[in-house]
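Novice: Fit chains W, H and P to the supplied structure of chain X, relying on the hints for placement.
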Amino acid sequence: MTLTHYLVLAAILFTIGAVGVLVRRNAIVVFMCIELMLNSVNLTLVTFARAGGTLDGQVMAFFVMVVAAAEVVVGLAIIMSIYRTRRSASVDDANLLKY
Amino acid sequence: MNDVVIGTGEAVVFWILGPLALAGALGMVLSRNAVHSALWLINTMLALGVFYVVQEAPFLGAVQIIVYTGAIMILFLFVLMLVGRDTSDSVVETLRGQRVAAILLGIGFAGLVGAGIARATRDLPVAGLDAVQGGDTSNIEAIAQLLFTRYLLAFEVTSALLITAAVGAMVLAHIEREPGTRRTQKELSRARFLTDRPQTLPGPGVHARANSVAAPALLPDGRPAEDSFATGIDPQEVDQMPRPTGRAQLGSPDAALGTLDPAPLDGGRQP
Amino acid sequence: MDTVAADGLLAWSWLLIALPLAGAAVLLLGGRRTDRWGHLLGTGTVVTAFVLGLLCTLQLADAGGRPVSVELWTFIETGSLDVPVGLLFDPLSAVFVLLITGVGALIHIYSIGYMAHDPRRRRFFAYLNLFVAAMLLLVLGDNFVVLYVGWEGVGLASYLLIAFWHERPAAATAAKKAFIMNRVGDVGLALAIFLMFAQLGTVTYDGVFGSVGALAGGTVTAIGLLLLLGACGKSGQFPLQAWLPDAMEGPTPVSALIHAATMVTAGVYLIARSAPIYDETPTARAVVLAVGAITLLIGAIVGCAQDDIKKVLAYSTVSQIGYMFLAVGLGPAGYVAGLAHLLTHGFFKAGLFLGAGSVMHAMNDAVDMRRFGGLASRMRITFVTFGLGYLALIGFPFLSGFYTKDAIIEAAFDRGDGWGYVLGGVAILAAGLTAFYMTRLMLMTFFGRPRWDEGVHPHESPSVMTAPMVLLALGSVLAGYLLVVAFPLEEWLVPVFGRPEAAEHVVAPLVVSALVTVVMLLGVASAWMFVGRREVPVTAPARVSPVVLAARRALYADTVNESLFMRPGQWLTRALVFLDNRGVDGAVNGLAAALGGSSSRLGRTQTGFVRSYALGMLGGAVVVAGALLAVTAG
Amino acid sequence: MIEAPDLSLAALAPLLFVFGAACLGVLVEAFGPRERRHAVQVTLALVGTLGGLVTSLLLAGEREVTAAGALAVDGPAVFLQATITGLGALAILLFAERSLDPARSAFVAAAAVPVGSPRDRELMTAPRVQTEVYPLATFAIGGMMLFVAANDLLIMFVALEVLSLPLYLISGLARRRRLLSQEAAVKYFLLGAFASAFFLYGLALVYGATGSIGLADIRAATTESGSDVLLVLGLALLIVGLMFKASVAPFHAWTPDVYQGAPTPVTAFMAACTKVAAFGAILRLLYVAFGTSEWTWRPLVYGIAIISMVVGAVLALTQTDLKRMLAYSSIAHAGFLLTGVIGLSPDGGGSGLAATMFYLLAYGLTTVGAFAVLTLVRDGDGEASHLSQWAGLARRSPLTAAVMALFLLALAGIPLTSGFTGKFAVFRAAIEDGAWPLVVVAVLASAVAAFFYLRVIVLMYFSEPAEDGPTVAVPGLPTTIVLAVTVTATLVLGIAPGAVLDIAEQAAIFVG
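Sequence order for the protein chains is X, W, H and P.
When you line the first sequence up against the working numbering, it's residues 1 to 99, in that order.
When you line the second sequence up against the working numbering, it's residues 1 to 271, in that order.
When you line the third sequence up against the working numbering, it's residues 1 to 634, in that order.
When you line the fourth sequence up against the working numbering, it's residues 1 to 512, in that order.
Isolated chain X (complex conformation) (with noise of 0.2 Å):
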């Protein structure tokens, strides 16, 4: 067992969450597969600052978690209010504009 575990723990997270906002259509979802995403990278910043035995790998850690919050609520906001108008949380039925 070493720190490498935890780094390649996180690193298969992360790719789930991405293959997760591929295949996924409810926006919510992807939006939580993102989430997830940003977890994964709290998890490598924190085992980065225990390897090297400074503490910025936990205080961006922290800013992560502050920036997600906000972007939770912009995000949610907007899906709510695509969601109002058009009765889906699909992503794939918000495809009017293309080519």
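Hints in this document: simulated from the structure, not taken from any laboratory.
Predicted model, so just to flag it, every value in this text is computed and none were measured.
Hints are not guaranteed to be accurate.
Simulated restraints, written as ranges between beta carbons of each label pair [what the hints assert, rightly or not]:
hint: 1; chain 1: H; residue 1: Ala592; chain 2: P; residue 2: Arg176; range: 34 to 42 Å
hint: 2; chain 1: P; residue 1: Leu477; chain 2: H; residue 2: Pro119; range: 32 to 40 Å
hint: 3; chain 1: W; residue 1: Gly27; chain 2: X; residue 2: Met1; range: 20 to 28 Å
hint: 4; chain 1: W; residue 1: Arg183; chain 2: P; residue 2: Pro127; range: 55 to 63 Å
hint: 5; chain 1: W; residue 1: His174; chain 2: X; residue 2: Leu96; range: 22 to 30 Å
hint: 6; chain 1: P; residue 1: Pro437; chain 2: H; residue 2: Gly387; range: 41 to 49 Å
hint: 7; chain 1: H; residue 1: Gly30; chain 2: P; residue 2: Leu9; range: 50 to 58 Å
hint: 8; chain 1: P; residue 1: Arg176; chain 2: W; residue 2: Trp15; range: 54 to 62 Å
hint: 9; chain 1: W; residue 1: Ser189; chain 2: P; residue 2: Arg121; range: 38 to 46 Å
hint: 10; chain 1: W; residue 1: Arg183; chain 2: P; residue 2: Ser117; range: 17 to 25 Å
All C-beta atoms in this analysis are idealised placements derived from N, C-alpha and C, irrespective of residue type, glycine included.
Specialist: Here is chains W, H and P on its own, set in the frame of chain X:
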């Protein structure tokens, strides 16, 4: 740099929670129901919170559990409920090749990044955080010190972000009334008793399968009840229970009501 | 090339450009308010510019032709990059200024009459003024960037003017084609300029020519070839010649001014101006020679098969510019000859186009020569002026083409090696062909029985149109004598090209002249035999057989003629026309179609689905990460 | 005892000005009387941006690192901050235009009212406006200014979010065609969040590799240890995040959709300011942090530049919507800009930095102008952005057509316009650095691009106007100012750009 040895206890925690976190991630992507996805994600987040605590970041661990999982994810759930819980994705992929390509790219990305990280950090020395925290300075103090010195500017600028978020939510969600259009309780109740119908308006009908405010109530014959239309929102079409048709079902209760003709769903109010 | 700062009138030479530019601006921005007097303003600016140019040239002549530089302002000046904007008034640019403003003024005057009934006459004059301004900028600039600015400007004006009657689909297509082929050339010129920058750090003529000798041979050749590509695009030379004949869809004064007299000679100017570069690179010069020779032959051959009066003249232009390229490709021996031919060609070709315009004006805008005929008696002035231009073009003794074309052919022979004979032979052959197609044109248009469409009543054009034609005809007659014998251009251009060493004539000039004249007369005679003696069919014969039949009944000599010369000639002509239409057009259209096709195919990736976009991003991320890792690892 | 870090208020002044104005704007939104709000907000936003412009100009020549190493105030930062605030002020003016549309504004009256509801139709022509766009846009401008001056990756990330979040919001606030606008917002948001996750992961990996996120520390670490795998992976992911914002292919897919859907003033704002900010950050990241390991990313940027130019130019050929066409053209221009990025050399020499900054200024001004013209041509349904509606525009309004033609020529890089000078500068810089093939591709791509710009000009001048074609509205004072400024700048930067190029060249030194 004196290497910190990773103890057995931590290894046990990792091997229990690691798979759990992974399962949570996979479950989020794979479950069709959005609420289940959210719960799976909460599972992963809790596991990560424990990892933070284990990795000498107790403050972050707490924040992860209290703020991230407790507040942010609940916000997600809240919105999911608003949108309507019945929004499970269909399993059919409509974009050709999307899934295959996504999985292949995912494997490629994980291969590149994961393998790269694994190779690069194979002999990563673990300095540990004893030098900067523990002893006199606790984790929170150490973080605070950094936050208000090295990261002061970022800290201040984050406020702009939070203001933006608040303003944004207000803009998109808050419907302002024109001044003077607000009626008092007294005026409202007087107005109601002047109508033919002083009792409460109908809720969603028994045949409706949605609980959104946009779904009107249904009258027994299947027409939407106009009284139940929400103000300001165009009524939504409502899925109905399958209605009996054909000779074989003539004996059903519907037949007794004499409404065998398929009733128009729109009730004459098709937008 | 040492220059002196401008003083006196020359300090005002920027007005040459500013006047027409101001004219264009007033006409374009003034809108309908200027409709009534716009054409007069447009003409006035160019006439004034001509007078000014003349005065400047006289002052230059007084000063012994020392190049004069006019500093205007500094376009870009930073620590590492310095591009001043200045004008260079030297004998070479003076010659061009006079040609552009002189011929330009005449054509402006002519257009007053020609466009009298067009509702958009004001706009037409605005574009013409814009063109004159850009062309003057092109020839007056003292560095390659200013030249490029003018180069793009004339391209734009030409594009606007070809498409002037845009409601005709052919005009729109022709404009598009001209645009694309010119862009190909422009890319060459732009790259040449960047290459100079990278290698020499400067783009002024002074700087480049001063240090070009220090460059590696390969680089100089590359610069030369890229410049040549630019020149080919603008001048309609092989392999970019196809746009020029199509450009005849524009109004006839445009064909006269831009696509015969001035803009299309910009390529010749570019190569003459860059003489010091080409002096360093025999390879590039040889390519110029080859391009010139091929083009002059192609133009002459294809010209024989055209029925559209303007197309014949257009191919003739292609061919004559081929002569000029051939001349400047010969190096120091040929520069002056090429430029002299450029000037005389400017006169007679502009005159011929104006004559053609006059004929079209009379024939309700018909261009098919098979429906002309017998116009000599109806349109006396047009006939006479056109005839003089014709004689000058085919090189009739002592008219201007005779002097300048012979000079080029002589210079070709003077190379002294086998290639000299080949080039000279090609040039003489083309001279014969020129005589043939031009005589054919004359015969079909002015002689024979009238084959007019019903309702056509030819009449002479108004004097505002004929006056410029008369002046140009005078120029066609006299220019050659003036430029070669009376006031030799060679002397005038000594400050630019230096004094060429007296050439040793391999073939005596008299012999060359005699040979050319004989070939020319042969061409005229054969045209008379094939076209003049017979009735011209109103529709072009679909197959050769009627001609063949008619010929069989004639003398036996005809049959020999036909089987020896005419049939192979016809095949060759047809093959070339086919190539021209399918090959080059095909390439241009194919390129456009390929771009359009890939555009819509690529556009389909823009599906409108967020998830597809995200897929693209993840793919990009994988590629980026992979590429960086590969670079680091490898 | 915690020692307070030194904060140079002078160096922070432009940022304080802009953020201060934004915060004040939020307060006005909360407490100001409704009928006065619009005027007050516009004034505040203009005072903020112009104040930022003036203070950043006063900072010229400053070279320092402040806020505990988080903020670099140097030539490029100041130049780009001035560019952003100037362009931002122009965009704010476009936001403020109210006389063009019978619906009174480009922005929605009440964003929370569902599209198509009776109340929404009622509000269509209401005089009220969602005035929050002004503080939001001002926040975005502040974020952009921070983005180009960020001296560590965390500030860069926070600034990225500060500039992005308001943009996500205001691109969904169009008054007309609200469905498209909302769709643009949701697409921009989801993809933007996706991209910033990549940026963040890159940040984490770089932190892991070097133990620090300060650009100078990273530079020291790369110089010392060369490039190890972690660092390279981190750089790759950081590039992905930044290229997304700069709309460089293959991370461009959002651009056309969002540009088309967003309200046109917002599109102008994004096209000009975001591009400047993103390239400012790219330049700083690549040269300050990764300058010594230049050989790792150079081939990559080379390739991306080619892809971007080709994709942008080719795809724009078949567009029928003007806004969309300009979006694709902005992708192509991103490629041209990368050509300038290639023209930098690690020791800070080379003219690439100055050339790129000049190009950004020139492109920003032109593109704001082009979008401003776009807002003038309208039919009953709002802006008439379909190409066919522009046929024969010159007959209807010669001046409008002439101004648009000027901007299109500038975008095509025709001489005597700012576009030519900019292209000239970046291509030259690339050639000086030996990137010959890249410039050949770039010249070819601009030849292709010239075709679709000129096609619009031809359409305006040579086609018969349609029977029921659009009308050309008379611009109000704000739009008139924008057009006057942009036309003048496009001409001046084309005819006598010497002074500005000089300034750019003097400014082109990063503080380390």
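Novice: Against the range 41 to 49 Å, how does the distance between the Cβ atoms of Pro437/P and Gly387/H compare: consistent or not?
Specialist: Between Pro437/P and Gly387/H, where Cβ atoms are some 55 Å apart, the hint is violated.
Novice: The hint says 54 to 62 Å between Arg176/P and Trp15/W; measuring C-beta to C-beta, is that right?
Specialist: Holds - the Cβ-Cβ distance for Arg176/P and Trp15/W, about 58 Å, lies within 54 to 62 Å.
Novice: Quick check: does the Cβ-Cβ distance between Arg183/W and Pro127/P fall within 55 to 63 Å?
Specialist: violated (24 Å)
Novice: Honestly, do Gly27/W and Met1/X meet the 20 to 28 Å range at C-beta?
Specialist: At roughly 25 Å between Cβ atoms, Met1/X and Gly27/W fall inside 20 to 28 Å, so the hint holds.
Novice: Regarding Leu477/P and Pro119/H, is the given constraint of 32 to 40 Å on their beta-carbon distance met?
Specialist: holds (36 Å)
Novice: How does the Cβ-Cβ distance of Gly30/H and Leu9/P compare with 50 to 58 Å: does it lie in that range?
Specialist: holds (54 Å)
Novice: Look at the Cβ atoms of Ala592/H and Arg176/P and judge whether their distance stays inside 34 to 42 Å.
Specialist: Holds, since Ala592/H and Arg176/P (Cβ atoms, about 36 Å apart) stay within the stated range.
Novice: Does the Cβ-Cβ separation between His174/W and Leu96/X fall within 22 to 30 Å?
Specialist: holds (26 Å)
Novice: Range first: 17 to 25 Å. Now tell me if the beta carbons of Arg183/W and Ser117/P are that far apart.
Specialist: holds (20 Å)
Novice: Within 38 to 46 Å or not, the Cβ separation of Ser189/W and Arg121/P?
Specialist: violated (30 Å)
Going down the numbered hints, you'll see the structure goes against 4, 6, 9, while the others check out.
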